[in-house]
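Protein chains: 2
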Amino acid sequence: MVTSEIELPDTWAYGAGVLHGGWLLETLAEAALEHTEHPHPLAVSAHYVAAPRVGTGTLDVEVLREGRSVSSLRTRLSQEGRPKVEALLTCGRLPDSSTTPFLLDTAPPVLPPREQCVRNTMPEGMPRNGITEQLDVLLDPATASWTTGSFGGSTEVRAWIRAVDGREPDPLQLLTVADALPPVSFDLGIPGWVPTIELTVLVRAVPAPGWLRVTHRARLVHGGWLDEECEVWDSEDHLVVQARQLAAYREPAQEQS
Amino acid sequence: MVTSEIELPDTWAYGAGVLHGGWLLETLAEAALEHTEHPHPLAVSAHYVAAPRVGTGTLDVEVLREGRSVSSLRTRLSQEGRPKVEALLTCGRLPDSSTTPFLLDTAPPVLPPREQCVRNTMPEGMPRNGITEQLDVLLDPATASWTTGSFGGSTEVRAWIRAVDGREPDPLQLLTVADALPPVSFDLGIPGWVPTIELTVLVRAVPAPGWLRVTHRARLVHGGWLDEECEVWDSEDHLVVQARQLAAYREPAQEQS
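These protein sequence lines map, in sequence, to chains A and E. When the letters of the first sequence are read in order and numbered with my numbering, they come out as residues 1 to 257. When the letters of the second sequence are read in order and numbered with my numbering, they come out as residues 1 to 257.
None of these hints come from the bench; they were simulated from the model. You may find that some hints are simply not true.
Per the computed footprint, the stretches of chain A lying under chain E, defined by three or more beta-carbons under 8 Å from a beta-carbon of chain E, are [claimed, not checked]:
id: 1; stretch: 33 to 45
id: 2; stretch: 57 to 71
id: 3; stretch: 101 to 115
id: 4; stretch: 192 to 204
id: 5; stretch: 211 to 220
id: 6; stretch: 232 to 245
To list a few chain E residues with every Cβ distance to chain A over 10 Å, as calculated [claimed, not checked]:
id: 7; residue: Glu5
id: 8; residue: Ile6
id: 9; residue: Val18
id: 10; residue: Asp105
Note that the Cβ used here is the ideal one computed from N, Cα and C, for glycine as well.
When you get a sec, could you build the whole thing from the sequences and use the hints?
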């Protein structure tokens, strides 16, 4: 196991220093990839043990096995001796998005042109949000009724996404993008913080350059837990990410009791 | 960290002693639950580092955090000093299936009556398979054309599932059930072993007694990797599992070259 110190800047943080789950996943995966000959993350599973904060952390990387076609690694981010994020990775070689899949049984989302979309920004009076500073997130207005003060009851959020700094999509960046949309719970009228408990991202191909299209969808919101299913499509209609997270929420009815 | 010895019987094994991925997940989760006050697995993510064999193994359980509403644990199954399966768990309390979800945006699969389904058995001349001995898996014939020697090209497999020994469904058993169907690749005409690389199971409710309905579906089969999305529904139409795995396959065209 290799242990190193890591600096966690506030670039991607929300408000008072809460770090972004997808960016944490990318950060851990980037560190892990330095310890394997395999170039790409294929499957990354993170459990968010406790919220890490902006500042210094300790990063452990353990190579579980370096195999011929894949490698398996374990990573841990700790602060003050306590685990904050624990992630497992399987790495290998992704197909290039120029190759044709044996089978694709789903279709890219239909989004309005970007000029008709709503840029994801933080409402006035709310703390800054690193995601909205680092990523251009252009929301399909049909799935973002909360931006106009109403609740659509939609279980899906759709958006165009591109890095503000012009970085083109790559497999590591996709880990951040897989958790970059506002929570679907906003449009359901569930207020408040929806912390990610667990997030698994399957990266399926090296993405083509250009804008990404991203969907988040909840299937079941029950007893304090909700799932968010995510697909990311590249500019050439390749499915490049399948991800799902389990998040916690507080039911509005519970708040009244 | 607590380390113990574990016996891995051939009850659930395929042929020459390859252990069943879902059963391994249940076995690790059962051991982990002994180290937390929280009663149920909410999210379990396993990376299959190398294939463990029937016999003796070493099991590590590390409690990452015991929180008020959830706990996080890490488990490892090793043999001969080498990691074979690494799994992360978040545990907590599941809603009872008698409670009503805040939102359910998907419907249970429509299956033919059980007497019209095809029992999953191993073809003559093939090795025994512990799954087909331990579980009654009654396949929807529309999704199991390979059982009659043809390939339907369906990306979905659907079945009724119940334990042969009369054990009623429970949250731990659902981890086994989430990986109990024949691979969807059979019906696509992709022959051979489809090893699971990574499997994440979200358990969403304590299941009601009775038969379970299970679906597996592939969305993208590309460059040697395929996903299998799994839903498990209980006898009272509650969605009790959402799972996804990444598996490896060899494309038929590659075998001819």
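Verification of the hints:
1. Only when three residues or more bring their CB closer than 8 Å to a CB of chain E does the claim for the stretch 33 to 45 of chain A stand; here the count is 3, and the claim holds.
2. Given as covered by chain E, the stretch 57 to 71 of chain A passes the check, having 5 residues with a CB less than 8 Å from a CB of that chain where 3 are the minimum.
3. Residues of the stretch 101 to 115 of chain A lying with their CB closer than 8 Å to a CB of chain E number 6, which satisfies the three-residue condition for coverage.
4. Interface restraint, the stretch 192 to 204 of chain A with chain E: holds (5 residues with C-beta to C-beta distance below 8 Å; minimum three).
5. Check on the stretch 211 to 220 of chain A: 4 of its residues sit with their Cβ under 8 Å from a Cβ of chain E, so the three-residue criterion for coverage holds.
6. With 3 residues having a Cβ less than 8 Å from any Cβ of chain E, the stretch 232 to 245 of chain A passes the three-residue criterion, so the hint holds.
7. Even its closest Cβ contact with chain A, about 20 Å, leaves Glu5/E beyond 10 Å, as expected for a residue assigned away from the interface.
8. At roughly 18 Å, the least C-beta separation between Ile6/E and chain A is larger than 10 Å, which holds for a residue marked as non-interface.
9. Non-interface call for Val18/E relative to chain A: holds, since the shortest CB-CB distance, roughly 17 Å, exceeds 10 Å.
10. With a cut of 10 Å on Cβ distances, Asp105/E falls inside the contact zone with chain A, its closest approach being about 5 Å.
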